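Trainee: Residue numbers (my numbering), protein chains in the order written: chain P, 2 to 100; chain U, 76 to 706; chain Y, 10 to 284.
It is possible that part of the hints are untrue.
Claimed, not checked - Incomplete in silico selection of chain U near chain Y, CB under 10 Å:
#1 His531
#2 Pro532
#3 His533
#4 Lys537
#5 Ala686
#6 Val687
Note that these hints are calculated values from the structure, not bench results. This one's a predicted model, so the numbers in the text were calculated from it and none came from an experiment. Ideal Cβ placement from N, Cα and C applies to all residues, glycine included.
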Amino acid sequence: MNPVNYLYLAALLFTIGAAGVLIRRNAIVVFMCVELMLNACNLAFVTFSRMHGNLDGQIIAFFTMVVAAAEVVVGLAIIVSVFRSRHSASVDDASLMKL
Amino acid sequence: MENLIALLVAAPLLGAAVLLCGGRRLDRAGHWVGTLLAAASFVIGVVLFLDMLGKGAEDRALHQKLFSWIPVEGFQADVAFQLDQLSMTFVLLITGVGTLIHIYSIGYMAHDERRRRFFGYLNLFLAAMLILVIADNYLLLYVGWEGVGLASYLLIGFWQHKPSAATAAKKAFLVNRVGDMGLSIAIMLMFTTFGTFAFGPVLGATGQTSEGKLTAIGLMLLLAACGKSAQVPLQSWLGDAMEGPTPVSALIHAATMVTAGVYLIVRSGAIFNAAPDAQLAVVVVGAVTLLFGAIVGCAKDDIKKALAGSTMSQIGYMILAAGLGPIGYVFAIMHLVTHGFFKAGLFLGAGSVMHGMNDEVDMRKFGGLRTYMPVTFITFGLGYLAIIGFPGLSGFFSKDKIIEAAFAKGGAEGWILGSVALLGAAITAFYMTRVMLLTFFGEKRWQPDAQGNEPHPHESPKSMTIPMIILAFGSVFAGGLFSIGDRFLNWLEPVTGHSHGHAPVSAATVTAATMVVLVIGVAIAWAMYGRKPVPVVAPRGSLLTRAARRDLLQDDFNHVVLVRGGEHLTRSLVYVDHTLVDGVVNGTAASMGGLSGRLRKLQNGYARSYAVSMFGGTAVVIAATLLMRAV
Amino acid sequence: MTGLAAAASQTSTGEAFQFWVLGTVAVIGALSTVLMKKAVHSALSLAGTMIVLAVFYLANGAYFLGVVQIVVYTGAIMMLFLFVVMLVGVTAADSLKETLKGQRWLAAGCGIGFGVLLIAGIGNASLNSFNGLGTANAEHGGNIEGLASLIFTKYVFAFEITGALLITATVGAMVLTHRERTERAKTQREMSEERVRGKQLPPLPAPGVYARHNAVDIPGLLPDGTPSELTVMQTLRNRGQIRDVSNESLDQLKALEQRSEERLGRDNEDEEVAK
């Protein structure tokens, strides 16, 4: 097997995650899909690291994880406070941006 | 001497300003102020004339630059005056006749409470007319041209409480506007062609200019002349202009303003000489108007309108002469001057008759007035003899010369024009005899006026009869004074030039023919109006008579062609504007609105929709990247 | 050299087997994350996918990341998700029915297009030389040592900034979820005084009257049979979430119980099935 298949898998997971962001309305699930996309990227980074034979790719993946953790913390806090004020976790309910 | 030229204009202009701005305080003295200033202008004119006579023919022209009016690089307009023999002739005519008519108006307008304003307008007219004739460039001439138009409008509509007078004033103003537009276009053309509009450079440069341009300028000048001088096709206003007070008809619509067109053409002679097509148009207009006015004059029962038709016809003579080129310029001006005398006299006589007849104008209700107003009868009669060209009187000399000049044009053209001029002379004799017979001869046909007042014809006061007498002198002697020894010809020739042409028939033959047609015309008139009693109510008459009573359907023609045509044009333009122009504009707006309304739906506030756009955009960017790599 | 490159560009059969099996699991997990109706199920599927990814990290020679993936992602982040799911609850809005017109089609179209382009791009890129991490790991004496030396030398600034980011995120989460008290907390003394002076001296009556319906949203019945709202919690009362227990419904309940009594008496098995 050619290790490039990992990249194909990463692309597939990324696309599934992106479609999930577009399709799901529950903010928590949308967030999960975002995490899925980040993980797909991490997989690609790790694969590239192996491909090029240096560790920088893994470092980037590591930082991505850290940033993802921070992002999840803030994001979930936002979801909770939105839910508190609107009694809903649907992203469609937060539609005040229209004209 | 030059400094006096400005005073010529300044005197009546001052009068107009004082009388129009002075208010009621001047009501009692206003007419004297106006008359004195007009007379002052005349005196200055005479002084200048005497001075001019003392010089040689070549240095007679005076020039005075007053100030730079519009000093722009490449566009220099000065207020500058030029007084040469041609202008001098007009100055004397205008101020002389003008002063007489001022004096006449003192009596005629004695009972009008707005007499001061009337004199103000008259002075304004004098000033504008003087500017017109002594301007040294076309732009300043245009100022005077518009000024006399304004004064004419104000004076025709002087009795504005009469709807007919107000309408007539508007009509005169509107028709004149067409002509004025011609003049302004001509001036613009001159500026683009010659780069200036001063008489000297423009008229001196005609040799180096293409004939096409000169023809265009000439035709535009002719249009201007048609408007101001009531020539076909812009003749329709003159008849209605008789709604104004009679002195106005005499001064403006007989002696001076309506001759401005002739002045314009003679002044621009160099242009017309170099543009034979324009010249042909001028003679055609003159010939047509000559007959047109004469025919109209035959049918009118209103004494002033009959005289107006006559004026039109006589100016037709002048335009015809002016169109003949150097053969005719001098005679055009000569006829203009003599006509100024006898036609002003005739109008003043008509005014005097109306004055005595409770302002009745219908000649069929006059009759037998010769014993009641002898002075009027004699002066009017002398004017009548002058206009029909009775041998020895003014009209005889000047009209005869024009007919000769028409024949001298040569070729078929000369024969046609000469015949038309002869025919015109016959008709003139007819209608003027008719006026004379209806007014002063036959039995009394007086009718009480609308208030039931029986007319008590009486001679007019001295202030009215004296000007009439003076004008009668002019009518009798001016022609002889001018013609014998070719004085007028020698006087004007340095300005207008002259050529004798080649007459196919001798001058004596022409004179004889003129006499013959004169006698025929008078005889027919005598047969129709002198031998048998004249009905008070006009008979139905032939088709031509009825048409002529309606001014040969000029108003109907204008109505059908211009008014209706204009309405249709406007309506179709409005339709085009509403459907096409507005359609495009509104359609664009509506489609933009609709498009925006649809695009607006994209902005639905749902984050997921925005995310789809972002995602799609990313896909497109990737596709583009791959595509560029593939390429 | 070519032989070495060719060898590096191929994995062992074991890894290939592992990839195909676990890759399938990962894709299924990802799909069920998107398609599961309940957020909890989605979270569990995602956790599964992440574990699979951790295995793939290990297989790719990123031992440290593999462990971190399990500890941080599956252990911490996914648990955080589950906590939030618990806090927020399952709402009625969380159905899979699409409300935006055309959104699903657009999403599917864009997704397929994007995926195809991405995969085509990867396929186009001629990635055949895999160097392996042997030399890179060996340089510092192992994967973890190698990462550490990079993080604390080359990427030390990024690392410090990440620390700041984490602190900010923590403070941000606290700020966002914190609720300020608008009034002073009551002391015990004040609360007791309030109760004595209030209308209801004894404890509030308990909700529910029947053993089968002592739910919090069913008011207890007073001796005359009328429901007493006092027995229901104040929050529910304010929301109007009190279940209707008027006399008719009580009668219906009675009849229902009678019927089930009869059925119980006749056939125990049937009753089980009916439930």
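Trainee: Hint by hint, note whether the structure agrees.
Mentor: Against the structure, the hints:
no.	hint	verdict
1	His531	100 Å, violated
2	Pro532	100 Å, violated
3	His533	102 Å, violated
4	Lys537	103 Å, violated
5	Ala686	9 Å, holds
6	Val687	5 Å, holds
The structure fails to meet hints 1, 2, 3 and 4 from the earlier list, while all remaining hints are met.
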